[in-house]
Amino acid sequence: MFTKPSLLTAAMVVASGLMSEAIAETPRRGGTLVAIVQPEPVTITAGTNVAAPTQFVSGNIFDGLVTYGIDLQPKPALAESWDVAPDGKTITFRLRKGVTWHDGKPFTSADVKWTLENIWKTIHPRNKAVFLEVSQVDTPDEHTVVLRLNRPSLPILSTINASGAQILPKHLYEGTDFLTSPWNNKPIGTGPFVFKEWSKGNHIILERNPNYWDKERPYLDRIIFKVIPDAAARSAALEKGDAHYAAFSPVPLKDAERLAALPNLKIETRGYEWLSPLLYFDLNVDNAYLKDVRVRRAIAHAIDRNAIAKRVWYGFGKPAVSPIPSTVKQFHTADVPKYEFDPKRAEALLDEAGFKRGANGVRFTISHDFLPYGDDYRRTGEYLKQALKRVGIEVNIRAQDGAAFIKRIYADRDFDISSSWNGAFPDPQIGITRMYWSGWVGKATPWTNGSGYRNPEIDKLIEQTAVSSDPAQRVKLFHQFQKTAQTDLPTIPLIELRFFSVHSSNLRDLTVYGDQIYASLKNAWFAEPPK
Amino acid sequence: MVAVVVGIAIINFFLLQLAPGDAAQVLAGEAGSATPEYMAALRKQFGLDQPLYVQFGRYIGNVLTFDLGFSFRHGMKVSDLILGRLPATLLLMSASIGLAAILGVAAGFIAARNAGRLTDTIISSVALLFYATPVFWIGLMLIVVFSVWLDLLPVGGMTAIEAGYTGFALAADIARHMVLPSVTLGLFYLAVYARLTRAAMLEVMTQDYVRTAVAKGVRPYRVALHHVLRNALLPIVTMLGLQIGSVLGGAVLVETIFSWPGLGRLAFEALFQRDLNLLLGILICSSVVVVVVNLLVDIIYTLLDPRIETI
Amino acid sequence: MTLADETRISATAAAPHQSKVRRRSFLGLLLRRPNAAAGFVLLGATAIIAALAGVIYPTDPLDMVGQPFLWPGHDPEFPLGTDMLGRDIAAGIFHGARVSLLIGSVATLVAVVIGVGIGTLTGYYSGWVDRWLMRVTELFQTIPPFLFALAVVAVLQPSIKTIVAAIGITSWPSLARLVRAEVLRLRNSEMVHAAVGIGATDARIILLHILPNAIAPVIVSASIMVATAILTESSLAFLGLGDPNVVSWGTMVGAGREVLRTDWYVATIPGIAIIFVVLGLNLLGDGLNDALDPKQNRR
Chain A
1 MFTKPSLLTA
11 AMVVASGLMS
21 EAIAETPRRG
31 GTLVAIVQPE
41 PVTITAGTNV
51 AAPTQFVSGN
61 IFDGLVTYGI
71 DLQPKPALAE
81 SWDVAPDGKT
91 ITFRLRKGVT
101 WHDGKPFTSA
111 DVKWTLENIW
121 KTIHPRNKAV
131 FLEVSQVDTP
141 DEHTVVLRLN
151 RPSLPILSTI
161 NASGAQILPK
171 HLYEGTDFLT
181 SPWNNKPIGT
191 GPFVFKEWSK
201 GNHIILERNP
211 NYWDKERPYL
221 DRIIFKVIPD
231 AAARSAALEK
241 GDAHYAAFSP
251 VPLKDAERLA
261 ALPNLKIETR
271 GYEWLSPLLY
281 FDLNVDNAYL
291 KDVRVRRAIA
301 HAIDRNAIAK
311 RVWYGFGKPA
321 VSPIPSTVKQ
331 FHTADVPKYE
341 FDPKRAEALL
351 DEAGFKRGAN
361 GVRFTISHDF
371 LPYGDDYRRT
381 GEYLKQALKR
391 VGIEVNIRAQ
401 DGAAFIKRIY
411 ADRDFDISSS
421 WNGAFPDPQI
431 GITRMYWSGW
441 VGKATPWTNG
451 SGYRNPEIDK
461 LIEQTAVSSD
471 PAQRVKLFHQ
481 FQKTAQTDLP
491 TIPLIELRFF
501 SVHSSNLRDL
511 TVYGDQIYAS
521 LKNAWFAEPP
531 K
Chain B
1 MVAVVVGIAI
11 INFFLLQLAP
21 GDAAQVLAGE
31 AGSATPEYMA
41 ALRKQFGLDQ
51 PLYVQFGRYI
61 GNVLTFDLGF
71 SFRHGMKVSD
81 LILGRLPATL
91 LLMSASIGLA
101 AILGVAAGFI
111 AARNAGRLTD
121 TIISSVALLF
131 YATPVFWIGL
141 MLIVVFSVWL
151 DLLPVGGMTA
161 IEAGYTGFAL
171 AADIARHMVL
181 PSVTLGLFYL
191 AVYARLTRAA
201 MLEVMTQDYV
211 RTAVAKGVRP
221 YRVALHHVLR
231 NALLPIVTML
241 GLQIGSVLGG
251 AVLVETIFSW
261 PGLGRLAFEA
271 LFQRDLNLLL
281 GILICSSVVV
291 VVVNLLVDII
301 YTLLDPRIET
311 I
Chain C
1 MTLADETRIS
11 ATAAAPHQSK
21 VRRRSFLGLL
31 LRRPNAAAGF
41 VLLGATAIIA
51 ALAGVIYPTD
61 PLDMVGQPFL
71 WPGHDPEFPL
81 GTDMLGRDIA
91 AGIFHGARVS
101 LLIGSVATLV
111 AVVIGVGIGT
121 LTGYYSGWVD
131 RWLMRVTELF
141 QTIPPFLFAL
151 AVVAVLQPSI
161 KTIVAAIGIT
171 SWPSLARLVR
181 AEVLRLRNSE
191 MVHAAVGIGA
201 TDARIILLHI
211 LPNAIAPVIV
221 SASIMVATAI
231 LTESSLAFLG
241 LGDPNVVSWG
251 TMVGAGREVL
261 RTDWYVATIP
271 GIAIIFVVLG
281 LNLLGDGLND
291 ALDPKQNRR
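Chain order of the listed sequences is A, B and C.
Per the working numbering, numbering of the first sequence is gapless, rising by one per residue and ending at 531.
Per the working numbering, numbering of the second sequence is gapless, rising by one per residue and ending at 311.
Per the working numbering, numbering of the third sequence is gapless, rising by one per residue and ending at 299.
Note that these hints are calculated values from the structure, not bench results.
One or more hints might be untrue.
[What the hints assert, rightly or not] Cut-off 20 Å, straight-line C-alpha distance, at most; resulting in silico cross-link-like pairs (SDA-like, lysine to any residue):
no. : chain 1 : residue 1 : chain 2 : residue 2
1   : A       : Lys121    : B       : Ala41
2   : B       : Lys77     : A       : Leu179
3   : B       : Lys77     : A       : Thr180
4   : A       : Lys240    : B       : Ile174
5   : B       : Lys77     : A       : Pro182
6   : B       : Lys77     : A       : Glu197
7   : A       : Lys443    : B       : Asp49
8   : A       : Lys254    : C       : Gly66
9   : B       : Lys77     : A       : Asn185
10  : A       : Lys215    : A       : Pro106
11  : A       : Lys240    : B       : Ala163
12  : B       : Lys77     : A       : Ser199
13  : B       : Lys44     : A       : Thr122
14  : A       : Lys200    : B       : Leu86
15  : A       : Lys240    : B       : Val144
16  : A       : Lys291    : A       : Ser367
17  : A       : Lys200    : B       : Gly164
18  : A       : Lys310    : A       : Ala260
19  : C       : Lys161    : C       : Val110
20  : A       : Lys318    : A       : Glu257
21  : A       : Lys310    : C       : Gly66
22  : B       : Lys77     : A       : Trp198
23  : A       : Lys254    : C       : Arg261
24  : A       : Lys200    : B       : Leu83
25  : B       : Lys77     : A       : Ser181
26  : A       : Lys200    : B       : Ala163
27  : B       : Lys44     : A       : Phe178
28  : A       : Lys240    : A       : Pro530
29  : A       : Lys389    : A       : Gly361
30  : A       : Lys443    : B       : Arg43
31  : A       : Lys200    : B       : Leu91
32  : B       : Lys77     : A       : Asp177
33  : A       : Lys170    : A       : Trp183
34  : A       : Lys240    : B       : Leu150
35  : A       : Lys389    : C       : Val65
36  : A       : Lys254    : C       : Thr268
37  : A       : Lys196    : B       : Gly84
38  : A       : Lys240    : B       : Leu152
39  : A       : Lys329    : A       : Leu477
Work out the full structure: start from the sequences and follow the hints.
As structure tokens, this is what we get:
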């Protein structure tokens, strides 16, 4: 019958509890993970599409040559080892043996060669520049790839994961038009999960790859990516346990606090190290007022980056001082001209520039177009409006959708101040330098040099770092780059964004990599079977 | 009919031309990175590099040959996309309209029978409240109360795919998922029908033939049902017709909040993605439904009351 | 979808009414009905709030004046609390009243002008004028109105002007049909036949005889259209298409949407304001309908 447990039985219960805890640390097989992907991806092959939702899903279907640890050091994936020649002009990858595509065909160096020549060097948005210097790809045998370069291109080593340089199956794509290939929406990869089904507007289903080269993994049986457009609904789904995992700040920032306090959920800020996102304002340097550097510096002084991080972004950000975020430890420097929050200094600079306050207290009026990706950017714009109002600049906020925004900022350049964010990645050559390189001006290409900045000095620095083979020299050049960028200030770095993920506490080993949000979930497992 | 379709096609084409930015810019923007070559390739694929009149000509040609075209963004034929979402839309529409019409007419009936008394006041006030509360608010509140606090109903989506239901269990699961969205969408119209029924019945009750029936000794309930309600149904039928026509637009909000995979949300997204073909496809389907429904309403009108000549 | 249609339908179900409305006791008649009286009170309160906005809260409601997320009642300086950026919610309610009423009325004015115009023309003239204008009306009616308004605002980029235009040009069709029905009925009345007999011009007939008698249902519809316009604006704001430079109740609800679970007052307070105004307008519309319908007055 039910008697009060004696001390001994109590001790035994505790002990067995501890033991089951210890046992639980060994990954359990099984379970279906329900993740939320938002917005619905356009395609789930990251061949040319580097959008977050695409890569979030795609990283489970495909492998890259490497993945990046939390410390951003490359770890072997499809490439078991690699080396770079001392002059930087040859990079050799030795591929893993015994890897097959999901349709059974073997993965070989021919696939890497084909993808590099036909995708990365031609239509991939980022890789065209990164692999520009590759003049030839040799495949001496089925498991070796040798890249021969005209000039060194060290950034290559920072972007060869499943997201940065996804390897596609040559036998399915060769001879076809990549953009219209039906395989883009029912992909065949080498990754831990196999594509099963995509019900548009509803869900994407992936199943465990029984022939995965990393034996024992993955631990999950299935992943179901659900499309949930409304932020409050995502919050409710995670709270109830209907969904176990969501990334890229899936719930309103204020809700994150509340969810973190719940016992069944965890908030995770790791996994974004590879991305290193930076939020910034682009100032159109051709604008009558903004072309004066004193006005730009005044605006920087008028903004309190701390307030933006704490109030607008609820602490999910850290004030930035340079266009290369502090998370890119190798290249970041804080030894740059600083613009502390100082409205008086801002007013002095504006007076100096000749823009005195008018009768109604207004010096001049400019417009602000915020990134139409969510309320957080709108609120940043609202903050900007009030902050500049204080120093006599009237700001007219303009709202529009994505297509209109791209056209206005990058094609027509019909704007004054815009907001946006870029990923800095472990190498600024990949995401940051394009904000400042004058070669992009007039090319109407999104996410490049919105400000219209043209400085031959910066251009030279960028071109040098692209082809230098000396890591130490590149660091020096990037330090100079940051100093110049912060002196001329065509772009005001605001905060280093902290994106977060929400996941069920029941899920273990979810975040293992520095590029986790784009990498696979092969290490994740459920401590207890999900409901 | 054809004129309406062509008219819609023209409005759609020029609306999307007026909208700044094209589909290539949307994709390049979402991709997070782009090159001029990539954008040129996209434009060529979408046919956006042709001069305007060529695009327009091709577009109208497609419309007239019933070819709804291809959605480059989704990589699927528009007709496939629409057919894929059609069942979800039909389910939501019929559930919400059915709920609204049946409960609304019933409530209005009761209110009219008890005109002036407490029951009437309560029903009318509640109806007014449902009418005045914004749809998205009701939706969010329902989720918080029934889904999170009480954990009775799912948060959103059409079915719990992870459970792998089939057959009867699947139907039951979809029904569970349908409750909150159809209630949210239907509450507004429920109020409309209630008030309309009440007003129309009160109107009809003063007619001579009703007084005759009462004088003849017909039981009040029979009078209410057979004489009053039947004639009061005219405006309700018209309202029904109007509701079916406009439910697609109103569903946008509900489908967004409840992640219901319907055509309203697809149209909304197509607009932002500058997906000309897809948006047009949905608008054409919607207009066909409206025209057909209007015809049906006119027919039912004459059936209900032969005295009425449809304008 | 709108109650405008509801009233049109009720109106056509009624027997033909007299040509003149007893104006002397109209207001008295109106206020004697509890519906209209309640509506009047609610609307009056809103109008007073809108008028006093500049007096009680002279500074810009967008100013970030306090600690964020102050709950209502915790700080006497901010009786209704502050939102996520420290803006005063009470100031937002007062100034938002102006914006919401403005958007509602102007949008409805646009719709009324177009609707009455087209309705009169199609009702009075038959032949190709009627046929083509009816086609246009049908065309506008088959496109779901909310989606259409959304598309117009998205294309023209959200601002008060574009929102007003969008709501105005998407809500006139049902009014046009209503007016058309009335004009059709009146065109065949003895009064108009008499006027034609004595050689009055079309314009005179329309302006002096037809419109004044057709106006009653239009007024009722208009009051309800203002309510619908306010609801539509708040729905647009909810979807992120509000004017970012002004505070309207719709944009306040939209902003509060993200913090609904923790600080629900941010969205609820303006939401309740919207409900009150919409209620008031509907009650007023009900009352107007009852007062203007002589059959009801006989009872």
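Going through the hints against the structure:
no.	hint	in the structure
1	A:Lys121 - B:Ala41	holds, 14 Å
2	B:Lys77 - A:Leu179	holds, 15 Å
3	B:Lys77 - A:Thr180	holds, 12 Å
4	A:Lys240 - B:Ile174	holds, 18 Å
5	B:Lys77 - A:Pro182	holds, 12 Å
6	B:Lys77 - A:Glu197	holds, 18 Å
7	A:Lys443 - B:Asp49	holds, 16 Å
8	A:Lys254 - C:Gly66	holds, 18 Å
9	B:Lys77 - A:Asn185	holds, 14 Å
10	A:Lys215 - A:Pro106	holds, 17 Å
11	A:Lys240 - B:Ala163	holds, 15 Å
12	B:Lys77 - A:Ser199	holds, 14 Å
13	B:Lys44 - A:Thr122	holds, 16 Å
14	A:Lys200 - B:Leu86	holds, 12 Å
15	A:Lys240 - B:Val144	holds, 11 Å
16	A:Lys291 - A:Ser367	holds, 15 Å
17	A:Lys200 - B:Gly164	holds, 18 Å
18	A:Lys310 - A:Ala260	holds, 17 Å
19	C:Lys161 - C:Val110	holds, 12 Å
20	A:Lys318 - A:Glu257	holds, 17 Å
21	A:Lys310 - C:Gly66	holds, 14 Å
22	B:Lys77 - A:Trp198	holds, 15 Å
23	A:Lys254 - C:Arg261	holds, 9 Å
24	A:Lys200 - B:Leu83	holds, 11 Å
25	B:Lys77 - A:Ser181	holds, 14 Å
26	A:Lys200 - B:Ala163	holds, 19 Å
27	B:Lys44 - A:Phe178	holds, 13 Å
28	A:Lys240 - A:Pro530	holds, 12 Å
29	A:Lys389 - A:Gly361	holds, 9 Å
30	A:Lys443 - B:Arg43	holds, 15 Å
31	A:Lys200 - B:Leu91	holds, 17 Å
32	B:Lys77 - A:Asp177	holds, 18 Å
33	A:Lys170 - A:Trp183	holds, 12 Å
34	A:Lys240 - B:Leu150	holds, 11 Å
35	A:Lys389 - C:Val65	holds, 13 Å
36	A:Lys254 - C:Thr268	holds, 17 Å
37	A:Lys196 - B:Gly84	holds, 18 Å
38	A:Lys240 - B:Leu152	holds, 11 Å
39	A:Lys329 - A:Leu477	holds, 15 Å
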